[in-house]
Amino acid sequence: MATIGNIKGGLAGGHGGVHGDGHDVSYLHPKETILATIWDWASTIDHKKIGVMYLVAVLFMFFLGGIAALVVRLELLHPTHVDTVNHVISGNMLGHLFGVGDDLNKSNDYYNRAMTLHGIIMVFLVIVPGVPASLGNFLLPLMIGAKDVAFPRLNLASWYIYLTGSIFAVLAMILGGVDTGWVFYVPYSTTTDDGYLRVVWMVTAAFVVGFSSIFTGLNFVVTTHKLRAPGMGWFDMPLFVWGIYGAAIIQVLATPVIGITLLLLIFERLFHIGIFDPRMGGDPVLFQHFFWFYSHPVVYVMILPGMAIINELIAVYSRKTIFGYRAVAFSTLSIAGISFIVWGHHLFTSEGEVAAAVFSALTFLVAIPTAVKVFNWMTTLYKGSIDLKTPMLYALAFLFLFSIGGLTGLFLGALSVDLHLHGTYFIVAHFHYVMMGGTIIAFIGGIHHWWPKMFGKMYSEFWARIAWAFVFVGFNLTFFPQFIMGSLGMPRRYATYVPDYQIYHTLSTVGSWVLAIGMFLHLFVFIHSLVLGKKAPPNPCGGLTLEWTDAASPPIEHNFHREPVVTHGPYDYDDVLPPQTEPGEFILPAPAPASRAGH
Amino acid sequence: MTSVVTIGQQFLRDMWFSRSNSTQAAETDFLFFFVLWVNILSFLFLMGTTTYFVIKYRSRPGVPTQRSVSHNTPLELAWSIIPLIVMVPIFFWGFAGFLKKQAAPAGSEEIRVNAEKWKWTPVYSNGGQPKEYQKFIHEDNDVPVIFVPAGRPVKLIMTSKDVIHSLFIPDFRTKIDVTPNRYTSMWFQAIDPTPYDPDTKTYKDHYVFCAEYCGDNHSQMAALLRVVPADQYEALKADLLLPPEGAKPEELGEFWWSKRFGCKQCHTIDGKASTGPTWFNLWGSTVEFDDGTTLDLKDAETFFNYVRESVYEPQAKTVKGFPKTTMNSFQGLLDEKQLSQIIAFMRSPKVSPATAPAGGGDQPKPPEAGAPKGGSGGVGGAGGEAKGETPAKPGGK
Amino acid sequence: MATIDAHDAIAAELTGATPADFYKPAPHFFDRDHEFDTVKFGIWLFLGTEILLFSGMFCAYGVMRMIHPEAFVHGSSLLEIHWGLINTIVLLVSSYTVAAGVRHAQTGNRKWLLINIAITFLCGLVFILVKFIFEYWPKYQLGKLPGMYYSYPYYSSEYEPIWWGIYWGATGIHASHVLVGMGLFTWLFVRARRGDFGPRHYNAVEGVGLYWHIVDIVWIFLFPLLYLIH
Ligand code: HEA
Ligand code: HEA
Ligand code: CUA
Ligand SMILES: [Cu+2]
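Chains as they are written, first to last, in my numbering: chain A, 1 to 599; chain B, 1 to 397; chain C, 1 to 230.
If you're looking for bench data, these hints aren't it; they were derived computationally from the structure. Source: prediction; values computed, not measured. Among the clues, some could well be false.
[Claimed, not checked] Partner residues aside, some chain B positions facing chain A, computed with beta carbon under 10 Å:
hint: 1; residue: Ser59
hint: 2; residue: Trp93
hint: 3; residue: Asn141
hint: 4; residue: Pro170
C-beta: ideal position from N, C-alpha, C; glycine also.
Start from the sequences, fold in the hints, and give me the full structure.
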């Protein structure tokens, strides 16, 4: 790894010195009164505070979406089923929950609303903004040695836009929710709930949140290009920054298209302009193309930041430089690039042969850069010193779950097989394995890893590991049976089903409870840490990136006491003792044999 | 050894797949298992190696990390190129299978399937519809039993009346979207006749599901598919629910209204309120539209044009008091002859007792295509009917 | 971004210099050039997203035109080319004035900067007025409205409501961008009068100028697509 020279020289004359007006204190330090503190947070342009606020909001939304998921699973445990021989009505959990008794139409409707709410919250409010806006916001400037993101006010604006969008979504929910599915397919979404504005509210929410996504992405692209500390070349950046950067590019390029799509959908719904309306000569499949032109790239917006986190976790906890740094960095860019030309693989059952063939071929192509990453992570472990702390357990869980999710994508890319699997629970299992098993797992791992840095407190390692075990087991129990029932023919978005699939649904629902226990344990571990946690040292994990080596835990308001002096690459564990750690805590490997000394 | 493999295969097959009963299913299953094995092997390689490393190189206090190289180009190329090579046959087999699922062989038995929220209505080439319905999941939910011949290609030609649906037959491993205003088709050739269980007196029918989300009862929108021996098929087909033979036009119209096109669901003939305006005494009355205009339906031609427009261009006019967007066009579903039979039904004493005797005598002739432009605001004039059975094809695919 | 300490403000009072002369970059930038480059990069990126937004609209136009060419040919023959042309000219003029404005900001010519901003604003206003008074309003009255609200009796294709959907959608989104631009010019005008801009600091003028150019360019595409190609 190239060595970064002393970057101090390059900075001469640039920044004004420390102002000496209390900027040396932790960014978490409260103001004199509570009101002042609240105002300070609400009007802050500090990327760290904005990151923390995002983190709280995203976790809250995750909680809401998770509750909706539990409701969905509860109904599917024992769905409404009228025994046509004995005329016994059984199941109908939702019917009882919402007090509509055994009115099947109504309880189906509740199910559809819960399912849609779950999908929309998880996608638009949790996983797309999730990692970049929270951890990314907090860490990106720290990792490249900057004092803030390029446009701090835009950053704050983006947070408020996100908040507005979330409020719209919650409003739509309070008004009765929508039952369109998260993909808003026309003409269903333009005709359902006729006379109500909920669908418009919900689509507006997604539209508004899109802007916050554009602004965050734009901010990060510019920050990465322009605000790197002098001397930090592209290939000296931590791979976390690469991942966030790749995702940000997709956000900037793809989100405007969903913007116009949702706008046209709103027009269609309010004014019936006819573009997507088959009755007026419009084309509903055009909407699907528009929608997936954004929503496929966006799945890589979801996964790239997850992968970004995994880079850091694997390197730190095996004390190794990431194997094939450049290949991993370039694979990020090629994933971002290819992601724009595969959207048609969601439409194999509705588009023509030629398009299907092209999209299928391109879909397989996108697996290559992913394979490169996965195998490079595997090899990074070679000859390492692997410490199974909670974040590392999460990184390993990521490898396990994400590769199952990704590999099952190959079934879906194969045309004739997809004709069977499309629209079944196989898809549901596929995307939960990549989104939940990939991104969310990485996210939770990342929160643990940077928790001491963000909040200056240690968490209980023991209980976190227990929670991890619950999550890992529960997750597989929830979603693996879904692969099987999907391939057996169970269609998705079904409020009830024939008894053939009962056993798989039962397993899945029980799994969701195990999973929920794990999640709540995590929540308690975090709360416990905030209240009673030990004070964290500046570099508890022995990291070599700037947030560990040069910043306090938690960082001060201006991030660094001194301009960071970078004298080594982000993963030079073989040659550098991590600064800010206890002496003797970490041991360097024996010097390289003479033959490879110059390496 | 081989038996272990076969048992293993058998186990995997039963785990992943419902029984297969079409010529295409076997091919799809083969590709599925090919991908499955590729996946199992790459997954075992990845996780096996990872586990080995995690155990071998676990951190032990006082034991330093070992040095190792930071990259190795041949190795990295290997794991980019090997997956690439593996994926080439997957792509080609997938594509070949896809093409086979798309193009039906000549001489297939054609069955029309009309989809609407939330039911499938099959119509055989002789105009017949299934007689047998079975309860599905819920007492109020009757789903049709569709007969198809064994060993003969069957082509389903499908269109939807409202939103997008998708016809899915798990045991045949295929599905295709059913889109409004457009025809899509799919075909299969079933192999074995469906077994009959004399104990329970039931057939082990194949499920037909709706696989594209379409609203409240999406999960109950199903049908049962029964494969019958080819030699019994024609007899069964002749025994389907057919429009009454030698019937008068108004009787046929009533059949269309109640059995085939589902007009009955929204339009009553006894004056009761429903989703759409009632047909009771419509003939001879004056309708009022939501823009305040009125139309006298007193002469046969105006009545014909009005009904015709309402069926093919439901959006053109809206009767006062009804929402604008409810009904979908029947363009391509209902032809001119059936339309005139429905109109005859509407003018019959059964539906319009008040006025029927007066107007009953003169059967209106269907006007020439495009002729009556002035009369009814004329949207229908230049548009669809010349195309007859084909719906307007906006997608151009 | 711009922060001026009290000390500088007093100095400005005494010497007659403008606040722009004391402009300091935000603290997370190394110097003014760094800030300038960064901001400019950000603005370009943002304009890229604007172009993508409109490309979505153009795609919808293309696909719909492919499916229903007759509706589009006839529909577009109903537009009055002269109004479109006038608006095109107005926007081209404003493009010139806004470019001139940036130059005057660079040379510190406050008076001409103000004049140019004002002219540009007025051009935007003329555009909007022409659009609303001579195009939207008559069409609204005649019922040449999108989709379901269409009620104009003389048409040659039953799909013309879709054409009007595209017309209103595309010009509507464009017009809203013009309105936003006018808002931005008002803001620039106020700041320019205060003397915020000068050779050392004209980021905002340049940014808004670039935005306005994009709005122009979109119109340069919309005009032939909607009005000219029959
Ligand atoms: C985080 C989100 C995410 C990610 C990363 C992916 C990754 C992939 N997805 Fe997935 N996908 C979704 C989220 C995601 N997907 C969602 C949400 C849907 C459904 C939306 C809806 O309809 O509601 C969907 C649906 C979906 C479909 C449409 C199915 C249908 O509806 O009919 C297809 C079809 O091709 C597909 C394919 C793939 C492929 C090939 C990858 C690849 O990128 C995977 C690459 C990874 C690997 C291959 C594994 C790791 C590699 C190795 C272990 C090395 C060995 C490799 C080889 C031997 C090749 N996905
Ligand atoms: C990020 C994306 C994401 C995530 C994480 C999840 C998580 C879960 N999802 Fe799903 N899901 C989707 C995205 C996601 N989902 C999408 C896009 C759809 C498609 C919708 C559609 O078809 O339109 C879908 C659909 C879907 C279905 C299919 C519905 C149908 O087709 O009819 C099911 C059914 O089992 C399901 C279940 C679950 C379960 C049990 C979880 C569980 O993993 C949830 C576990 C979480 C909790 C129990 C919450 C606990 C949280 C806290 C306590 C907060 C604090 C946490 C920390 C501090 C770490 N989801
Ligand atoms: Cu019909 Cu789902
Ligand atoms: Cu995709």
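Evaluation of the provided hints:
The beta carbon of B/Ser59 comes within 4 Å of a beta carbon in chain A, closer than 10 Å, and the hint placing it at the interface holds. For B/Trp93, the shortest C-beta to C-beta distance to chain A is roughly 7 Å, which falls under 10 Å, so the interface hint holds. Evaluation of the B/Asn141 hint against chain A yields a held restraint, the C-beta minimum of about 8 Å falling below 10 Å. Interface restraint check: B/Pro170 against chain A, minimum CB-CB distance 3 Å, threshold 10 Å, status holds.
When held up to the earlier numbered hints, the structure conflicts with none and fits them all.
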